[in-house]
Every structure is written in structure tokens, then in C-alpha cells.
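Protein chains: 2
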Amino acid sequence: MALEVFHKDETLQMRRKLIGQSCRLFFSRDPVKIVRARGQYLYDENGMQYLDCISNVQHVGHCHPSLTQDAAAQMDLLNSNTRFLHDNIVLYADRLAATLPKKLCVFYFVNSGSEANDLALRLARQYTRHQDVIVLDHAYHGHLTSLIDISPYKFRKLEGQKEWVHVAPLPDTYHGIYREDHPDPGQAYADTVKSLIDEAHKKGRKISSFFAESLPSVGGQIIFPTGYCKRIAEYVREAGGVYVADEIQTGFGRVGSHFWAFQLQGEDFCPDIVTMGKPIGNGHPIACVATTEEIAAAFTASGVEYFNTFGGNPVSCAIGLAVLDVIEKEDLRGNAVRVGGHLKQLLLQLQTKHPLIGDVRGVGLFIGMELVKDRASRKPATEEAAHLVRRLKEERIVMSTDGPWDSVIKFKPPMCFSIEDAERVCTCIDQILRDVGDFISSVEHKRRFLTQTVAVCQSYNGGEWESRLKHTMKQKQKTLTLYLQSQLGVSMVHLRDRWR
Amino acid sequence: MALEVFHKDETLQMRRKLIGQSCRLFFSRDPVKIVRARGQYLYDENGMQYLDCISNVQHVGHCHPSLTQDAAAQMDLLNSNTRFLHDNIVLYADRLAATLPKKLCVFYFVNSGSEANDLALRLARQYTRHQDVIVLDHAYHGHLTSLIDISPYKFRKLEGQKEWVHVAPLPDTYHGIYREDHPDPGQAYADTVKSLIDEAHKKGRKISSFFAESLPSVGGQIIFPTGYCKRIAEYVREAGGVYVADEIQTGFGRVGSHFWAFQLQGEDFCPDIVTMGKPIGNGHPIACVATTEEIAAAFTASGVEYFNTFGGNPVSCAIGLAVLDVIEKEDLRGNAVRVGGHLKQLLLQLQTKHPLIGDVRGVGLFIGMELVKDRASRKPATEEAAHLVRRLKEERIVMSTDGPWDSVIKFKPPMCFSIEDAERVCTCIDQILRDVGDFISSVEHKRRFLTQTVAVCQSYNGGEWESRLKHTMKQKQKTLTLYLQSQLGVSMVHLRDRWR
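Line by line, the protein sequences are chains A and B. Per UniProt numbering, the very first residue in the first sequence carries number 1; after that it's consecutive. Per UniProt numbering, the very first residue in the second sequence carries number 1; after that it's consecutive.
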């Protein structure tokens, strides 16, 4: 297998032509071409090594040899479908069952987290005979039609909110309506869900489910306050609904202390449905839904077959089993506790030096560092976060941002991330943040943004451009707009007059 | 990798406990445990060989060594996601583009046919800004919420028809409203779609798309009449909609003469969107949507990213490339023409001997043989078809049925199916059909069905049973109900009185 067939420029040119442009590249102005990887390290076409801080999918490390071996062995023996009996699927379901509370004992295998969440929605609706869904603000649950409907992060930019969707405030104790100084934020945020249920009932609507990531990722690496999930589960069940824990980003030991992030909420909380994805196959397309006997029975009682062509095939299950083996054998949960703990400590130390770091939060190898303009207002430092990510790339560290304002630096590295990796990243962040003041105030910086704005505006010809520009600014250049408006006092009207 | 971990009974017991019962097994009363496979042959836990006539997913043959080799090589090098530049995705898109009309030149990679059809729906709606969809009766387009809505085969058993879905008659010239004696069934059936569009417009509704498999499979291995697609494409485009060709079952050379089944409709017909799945990765979870620059541009213009975690990863694309290589190197399209042609001839010969065979239709290795009670009425011989499938299993041939009445024996074998395999199957069918008369009239047969009915009824206790029985009969025991009603004159009221 050749490392590279085309020169990077040619790859980029073919990609722009052949692949839908909605599929975006990291570092779109100067994307990275990665040709091989091992563990937590990526290598570009020139053999340059990058430290990978974000590939949570490659959970046990890129290209783990025991996974390749088990996958190839099973590919050589048999790949079929679930209409034939096979041991792998039952072995694998049995292993997953051992990680979960007893009541979550029935499994459905699918090909992606999106397929898992869609099936969870079908299960919840079939079981409860209700339609409506409560979700958290800024949530993202997948790319399918049904999931965009329950993802405020997406539907706000597209068709808008459906009448059967109810959006609860994100229980973010740093930015939200109840903060770290509230005596019981778990209860307070749970009450917002209770109010939503009551309002829905007044309109004659019926709740099928509460859907939430056990640690909201796109929302900004949020850690739920104590007691939050348990109380919501009570409210939702009283309303005849079920609790769906989306563990697609957070499962398989990422939090270290527990196998599933929902377990951080205590042993007296158990969801009714759990969805799994991303790390489950270390990059191989597999995903899963776990649920109770009662919910599965209601789905069966519809009398309609559920057949997923590739879901649960012997190769996918062999890979799933191999991932579980590596997590255990290499004590990756222990590593997440040790390295994640150390990384968080280092970031907290940096926070004492750099006023830009407003908050450091997280658990295991799921950590967020939020940048703010100033600590009093907690105004998100979006542009500074983007600058930090760009600068880290120059230092050969791959990092990205998340959160409603893209102001949260998110750490979700392969679980073999080491103490040395953590120290290297923090040393780089320290250096970059030392110079960030200069960056922010530099004339050069303002000039560059103005030039980019000119380019954006000029690329739109004629009538539609105002809406297009607004749209672009909203979506692609949010950072730019924010910066221009706040720092330079340039309004959109001003821009329109200038470039028309 | 062990061939077997548990004894078959234990596997079955674990499966019933751990895997949702909506996931059904072939031959549910005595399922087959397959532990290895090669080419067109499956092997059970006792080493017994089965000839596989239905695994269209394992397109180039089970466990093709060159696929395993390429997959393992890429797994060892890199598996990442489409946010990094990589050659495999552009190489693969380029190769797929070469099989398609020039206008279908933009690609999106996903993990399953269902994900592909869901994305096609999103693309169509975003481009046309219309919502409504026209589908064919009995169609199945996938297991996702959005696709059950456009699959009469499923929604008739579940929530029913949405107001934005319009169902056109299946252009089945054997059973449908226009038959083989019609002077121009293509035009006549296309006109039914035109009428649907006109009706929808009268209600103020707007058509986003016409969705159809290029050869309806669940509908009963249907071959579209000449001119059908081209005229529908004209009508749908006049209405501001697009034509979506679902090639998930039919693509990649299955029809032999062409790479895509829609190409059977002539060079002057080109869909606006093509969805691919099942055979694309020989069992590896990969799927694809191809569309035009205009539709892709409209999707991009929404400003919203489309990110599919596993879709288009370097391993999936390496496997996709390897499948294309094998199709070419082993001339599998040529094989489909030769073997499929021979198989169809043999079945047509059997038709001259067995009045039960009402119709033989198909192209390449996509063939349907429809059984009927008698040729004049064309009444489907559902139970006889089930009997034939059961008997073929005893002869170690895996076959299944399709069509609205499960009366169509469907051939969709791996593309390496040989002349000898075709002859073996036809010899077996000939022998089984010779004895089928005895089977049908036997008292033993009637007794067995009555016993089964008793068991079904007794398994339901108390109040709900009538609706449950109706439901079960409709879904799981359609065959039984039909047989009891037609052959024994046993009505449901009769049964209720007897077993209450």
C-alpha cells in the first residue's frame, strides 16, 4: 500500500472537485495530509510527526496491531449478517453487558453513532407511544434527518425547531443560568427540564424521551452537576418517557474512573437506553444501542423486522472485542485517570499564570480549557482560541475547539496519550499564551482580517451577497465577524457599502 | 480465531437473550450457524457446505483474499477521517466517477445504504426546497426513521403514510395494473406518477424527489418497462424535483451488461442522485451518494458542515477500491451475463414443465422466479414458495423469497456464482417442484398448520389476543393465514371462537 499516490496539491484539487464541499477539512487554509499513524502520533507526507490530541475515535491508539490482526483473521474466515447465527455477536454483547448496569441487557448493532441514535429514537417512541423529545441546548446527536431535528447545534442553522422538540438549557455552571456558586445546580437545571415537561403537557404533547450526551461535547466539554441525571430520569419517567444516554463520544473508559460517563452520576442512576459509537471499533464503522428487556419487547411487539445489513457482522464484532481486550490489557482506563489527572493539573497551573484561561474542566481524557476575554465577564475568547489551535499546529500538535463560541480547547486524545505528551502540550500552550497579547493587539492582525474580509466579500457577485455574507459570517467566519465588530467597529452595513 | 466458541444451542440461547428479537434469523425454526465462507460457499459448524444464492453483499465472493490483504495493509498504515487530506478517498471517488454519467461527479461517503438514502433525501430537499417524496408501492429504502417514512413496505405495518409521501403503483407488468400485453407500459406507469404529481400540486404540495430502486427488490425483483425512468425524470423535474436512483442492491455490475441498473433504461436517462451500498465493500460498512455539481453546491450553500465520523475513511476506501479491482480483474460483470443468462434459460425451461412457475424475470445475477397457484389468476403461491425455500435448505442451498406476497424466489448470489452452481440449483428446484403437488394436498400439511395455529393462539393469554393474533397473522404468519383462509376455509372469527 503506497503512502502517497498524488502530490498534496493534486490531492487537494481532486478533493475539491470530487468530494462534496460540505465535508470540511481541518485547517482549511492549509490542510494536513496524513499518510500514516501509530498510537497517538500522526505522520504527514514528508514524514513529519504530529501529536494527536483530538482523535477520540482511534481510542486505543492509531493502527493498533492486535486490532489489525483480529480484523484480518475474521475477514479471512467469514463476514456475513445477523440473519445467520454466529458466536461473535453474542460474545460481544455479553462482554458489553458486563460493563453496564444489569437492566441494560439487550443489544442492537449498527454502523455509526448516528444510526444508533436514530434507533434509540425509534425504540423510545415505540415503547412510550409518545413522540416528543427533550434535548439540551447546543447538542449534536448526528447527521441524519431525524437527528438534525433533535440537534440544536444543527437545526438552528437549518430548518429550525420542530414542534415536537423541546430544548432545555445546557447545565453549564461556567456560562449558564446557574453557576458554580449555586447551592444545588443539579437540582436547579433538572427543574428546567421539569418545567419544559409541564409546558409540553399543557400543550397536549407527550414526551417520549430525554436525549443527552453524558458529557456534552459540542456544547463545550461540559460536566453535569451532581444529581442532575437522576432527577431528570425521575421527571421524564413520570411523564411516561425514557432517558437516552448518548455515550458516543464519552464511553469505553474515556473518563477513566468509569467505563461509561453516565456512571459518574452515581450507582442510583441508570439510563433506559445507551447509544455507543466513535471509539467502539477504533475507527471501524460499528455502533450499538443497549436497552432494557421491556423496551426491546415493545419494539419486537410491533411485529416489524429490524435488519441492519452490516450491523453486528462477525468482522465488526471481532474488532469490537479486540478493542475491549486492549482497553483491559493495557489498562487504558488507568492511563486516562493518571494522564488526564496530570494534564488537568498542568492546565490549572497555566490558569494561575494566564488570565485568558477562564476555566479548566473535565475528567479522565475528556478535558476542556475555556479561553475568555476577561474572567469577570467570561466573554468567550473565540479568536484567541483559534489562534492557539493554529499556533499549536505549527508546533506539530493537532488540537481543536468546541463550545457554542468555539472558545473551548478540547482534549480527547487516543487513550494511550502519555505524561510526556501532556507535558509537551502544556509547555507549548504556555509559550503561545505568553505571546498572545501581542498577537491580539497587533496591527498586522487587524490588517490580515480586513484582507480576508475583502476576499470573502469580493468572491460574492451581485444581488445575493448581503444574505450570503451574513450567512458566511454566521457560519464559517463567526470568528472574523465577532472580531471585526468588537475590535474594529466595522459593521456589516459598512462592509456592504464598501464592497458593493 | 476460533471457528466456534459455543455449541449452536448455546449461541441461539444467548442470542435470544442478548440481541433484540426484532433482528430475525433466516430459517427461524432451525437457524443455520455459519462459521466460515469462501466464494459462493458457506460452511456450518459441522463443516457442511451450503451454496449461497442470496448474499448480494458479498459481491465478489465471501472472504476474497485480495480484499483482506488490502484492508489489513491500510489498517496497519492509517485509519482517520475526512477532515484530514488523504489519497484513498479521491482515488476512489475518481474510480466511481468513471462508471457513471459525467454529470454525477460529486461524492459523499457514508457507512450504510440507509445513511446514503437519508443523505439523498437531505440533498434533494436542500436543492429543491421542496419536502414531498414520491415512492413506489412495496418499496424499502432503509431502517432509519426518515426512510421508514418513504418505505411503504415498512410504514404500512407501523405509523402509516405521512402527508408528504406519495405512493405510485409498482410498474409490475406481471401483477400490476398494466401488464405485458399493454402496448406501452413504460408510458402508462410513468403517467401514474404524473397523476400523483398533479394531485399533490392541487393540494398545494411540492415534490422534492422521486425515489426508486433501479430494480425493485422487496417489490419482487421487478424489471422496469422501457422508457419508464426517463419519462418520470421529465415529469419530476418539471415539478421542480429530482430523480433519486437507489442502486444499493443493484449496482456494481450485478446486472452484468451495465455497471448500474439505471443504465438499462438507456443512455438518455440519468438520475440526479445515485445511492450505493450493500456490495460496495463486500460486507465492510461503506456506502456512497453520487450527485451533480448543482445539487452539491446547494447543499454546501446551507453553510452547514456534513461530517460523517467513519464515512470515507482510508480503510473503507481501500476496500472499496479493492472491490472495483476484483470486479474488473475477474470479469465478474461478464460472469453475471453468462451465468445469469444460463440460469434464466434453465428456469424458463423449468417453467415449461411446472405450472407453479408463473414468471421468470431478471437480468444478470438479479433474477426472480414467481410461483403462482394457477397461471390464469396469477394468484401468488406463497406457501409453495416457502416450502421450496425450506426444501432447498435441506439440499444445502440457501435461498429466500421476496415480493408483496413472498411468492418470488430471488437469486442474488455472489458474482462468482458458476454455471455448475446454476445447474445444481435448477436440478434441485425441478425435483422439489415435482413433489410439491403431494405436499400441497397432504392431510399431514393441513394438520401441521392447524397445530401451529393452536400454538400461536395459546401463546397469547387473555384480553389482547385477538388484536395480537390479527397482528401476528399479518406480520409473521402471513403465509399461514393465507393458507388457512384459502385452503381450509378457516376464518379468524372461527379461530377466535375455538381458542378463546
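Just so you know, these hints were derived from the structure itself, not from any lab. One thing to keep in mind: the hints can contain errors.
One copy or two, it doesn't matter: identical chains are merged, so the pair holds either way.
[Unchecked claim] Result set (EDC-like, lysine to aspartate or glutamate): computed pairs, CA atoms no more than 20 Å apart in a straight line: (1) K17 x D94; (2) K194 x D30; (3) K162 x D30; (4) K329 x D191; (5) K157 x D137; (6) K17 x E294; (7) K17 x E293; (8) K33 x E394.
Comparing the hints with the structure gives:
1. K17 x D94: between (45 Å within a copy, 10 Å between copies)
2. K194 x D30: For K194 and D30, neither the intra-copy (47 Å) nor the inter-copy (49 Å) Cα distance is at most 20 Å.
3. K162 x D30: neither (38 Å within a copy, 46 Å between copies)
4. K329 x D191: Classified as neither; 42 Å inside a copy, 64 Å across copies.
5. K157 x D137: So K157 and D137 pass the 20 Å test inside one copy only (13 Å; across, 34 Å).
6. K17 x E294: Answer is between; shortest inter-copy Cα gap is 12 Å, intra-copy 49 Å.
7. K17 x E293: between (49 Å within a copy, 9 Å between copies)
8. K33 x E394: Only inside one copy: K33 and E394 sit 14 Å apart there, 54 Å across copies, limit 20 Å.
In this structure, the hints that do not hold are numbers 2, 3 and 4, in rising order.
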